[in-house]
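Engineer: The residues making up each chain are set out below.
Number of protein chains: 2
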Amino acid sequence: MTLCLSTLSRGMRLSCSTSTSPISQVTAFSSKVFSPKGFTKGQYSVGIYHFSSTTRTTTLNQDKMQARKFVITKHFQGLPKLSDFNLVEETLPALQDGEILCKAEWLTVDPYMRAASDRLKVGDQMPGGQVARVLKSRCADFPEGTQVVANFGWRDLTVMKVPPAEKRGFDSIHAMPEMKGLPDSYALGCMGMPGNTAYFGLTRICEPKAGETLVVSSAAGAVGSLVGQIGKIYGCNVIGYAGTDDKIEWLKSLGFDHALNYKTTELPKTLKENATKGVDCYFDNVGGEFTFHVTRAMNPFGRIALCGAISIYNNDPRKPNLVPVDYVSMIYKNIRQEGFVVTRFAKDWFAGINQMRDWILEGKLKIEETKTIGFENMPQAFIGLLEGKNTGKVVIQA
Amino acid sequence: MTLCLSTLSRGMRLSCSTSTSPISQVTAFSSKVFSPKGFTKGQYSVGIYHFSSTTRTTTLNQDKMQARKFVITKHFQGLPKLSDFNLVEETLPALQDGEILCKAEWLTVDPYMRAASDRLKVGDQMPGGQVARVLKSRCADFPEGTQVVANFGWRDLTVMKVPPAEKRGFDSIHAMPEMKGLPDSYALGCMGMPGNTAYFGLTRICEPKAGETLVVSSAAGAVGSLVGQIGKIYGCNVIGYAGTDDKIEWLKSLGFDHALNYKTTELPKTLKENATKGVDCYFDNVGGEFTFHVTRAMNPFGRIALCGAISIYNNDPRKPNLVPVDYVSMIYKNIRQEGFVVTRFAKDWFAGINQMRDWILEGKLKIEETKTIGFENMPQAFIGLLEGKNTGKVVIQA
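First to last, the sequence lines map onto chains A and B.
Position 162 of the first sequence, counting from 1, maps to 162 under this note's numbering, and the rest follow consecutively.
Position 160 of the second sequence, counting from 1, maps to 160 under this note's numbering, and the rest follow consecutively.
Isolated chain A, as found in the complex (with noise of 0.2 Å):
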């Protein structure tokens, strides 16, 4: 039965399609690897999950079960809207030997899914990571009742061939973190990926020293908001923009040492009056102008993590875009600016996870999420969080 979203508010109508016998319009379910094309290295790869060939069937039981998923029926143009999703079923096969029937707990969405987008095929699952339970194990290393965190994508039942022992991790599938008592969730955000994405990639890429000065733009975002407080915990001095007056109250409450709205002030401006010593380094969330001004005021030697362009994912992907460069500040002033994708520092991803969870139950780090609740509502969560709307990381409650 195919399934299209229609309206939705705080939950979604599910209506039937058009399809004259539902059931065999089943989508039937087959191996599917999500490979970014032409990424062969360092890649970033989602949703990886083997299944053995799935027949329709109208037989409901415990071992074929109806898993629900997100896919797209088309491009997103510019901000994704509701028509963009399709909410479809698909029977899940027969358990078989080394694989683990999961549910979903807790989904997430990201800012790095619109870039990914256009990399999908009409029909794929968007992709993403989850928490998730296992109902049904055939892998004695994943038990039943056991939690796992998975990249199965915005699905809500997965069955997993699971990979050998040296093949897991944070981009297919590894056991729950060591918690100490902090909310499942944070495994989605501060102790997992975005987490990551703030340590790693501000410790490793922007090299902070104490005494220098970062610039952290988005950062009421689930990674910014890490960012400037691993600033702050490295000596230095942060200064990060957001888009509300609410964000940027939050922001110093988090110990920010200036957090300027960008929509009601001017960039140049408020860096000449908050980096009084010039900028060292830039966690860059947003690309395109704001980088441009950034990098003006930065001092020589400077360096920037270009970890995302939100200011440009909901651009048309055909044409290239067209943005400020100052290559007389770049050059005379040494600038090194990387891309980076978290996917790098794999080989110590749980360091960077239990540092992470040391400096939030020592306080040195304070977390927020905004918080979905229902699995249907996940293109809602994700439109809201493109639209700048959350706080801190959105999770979404399955």
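The set of hints was computed from the structure by calculation and includes no laboratory data.
All of these numbers come straight from a predicted model, not from anything done at the bench.
Where a beta carbon is used, it is the ideal one built from N, C-alpha and C, also for glycine.
Treat the hints with caution; some may be incorrect.
Said to hold, decoys possible - Derived SDA-like pairs (lysine to any residue); straight-line CA-CA distance at most 20 Å: (1) 347/B <-> 266/A; (2) 347/B <-> 232/B; (3) 347/A <-> 301/B; (4) 319/B <-> 78/A; (5) 209/B <-> 232/B; (6) 272/A <-> 320/B; (7) 319/A <-> 78/A.
Claimed, not checked - Calculated from the model, a selection of chain A residues having no Cβ within reach of chain B, i.e. all distances over 10 Å: (8) 92; (9) 141; (10) 312; (11) 326; (12) 344; (13) 355; (14) 366; (15) 389.
What the hints assert, rightly or not - Residues from chain B that keep clear of chain A, each with C-beta distances beyond 12 Å, as calculated: (16) 76; (17) 81; (18) 116; (19) 122; (20) 161; (21) 176; (22) 233; (23) 245; (24) 264; (25) 287; (26) 339; (27) 347; (28) 368; (29) 373; (30) 383.
With the hints as your guide, set chain B onto chain A.
Structural biologist: Just chain B, lined up with the frame of chain A:
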């Protein structure tokens, strides 16, 4: 006497200005330090010399010689014009203890001067290096008759108060390198600033490995032609781009694996054809759209050494340059782009020069120079350089 540059052919006609009392109109020379605004660390400082104060005089004798220097009459708009320069005379002061009087033998014009000129004031002398002969010395470290390499700028005679030994270097003054029979002019090219720009920029910023693919833009220039040859020494597949078919032939004769005329071919197509395994290193002399296309063709963890941006040097410096930027490639492929000025490698300066010399003597580097005869012809040499008329290093024999 202020001399006005009017018409220039092979030599230059010097015509008197309208001053009624030529000698009394001599521009008195005072202590001048060219220091790009706001660059306190790692700055590219040129033309540093310290004079005792001068007095206007009509007396010419050995201690009060007339020097000539090129100053700018206005800031360049687009390609510089001959009328943007004035050749003016100045009276040199009597030599004091610790000072030397030098006569230019070889001078240099380089692309960076176009960008640097934006930071000059009207009436300022053009900056740059020289190989000069010590005519008269009151400093034991630089005896009469010896040669020096110094940043005296576009001038024929210079009095310098020699800085203390610990402050001497390639950006102020140093003795001629041990040339081992190579031409003196090489101290301004392959064994000077451009040589070390190529050597350190490639080896320290691009960090090429055997078997990788290196792309070089402005490959027939002083720096680019060396970069490609060093890339071959490192075992790279080297692809060079230049703007005339003659230059392409020359690059092939230097051992470049592929040499393409960017004016008559399509960059994305030639990159695909010649960088069949993708681009790992890009030595960027041009910026802009060229960089966009190379970035697209790069492999994960590609490195861009941003050495120059000649594609935008002639643009209006007051307006931001709008250029296409491929953020998705930059981020998802973990690409590092680093601007650099060769001054950062100061402590290893002579190691670089000596390495270049040894490679030349071993036959691993071929050197070509485009020579201009006559100090008076510096503006033409400079304009020709910016028009891409040269092959290899442009030097001026005084």
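Engineer: Which of the numbered hints above does this structure break?
Structural biologist: Structure breaks hints 1, 2, 4, 10, 11, 12, 18, 25 and 26.
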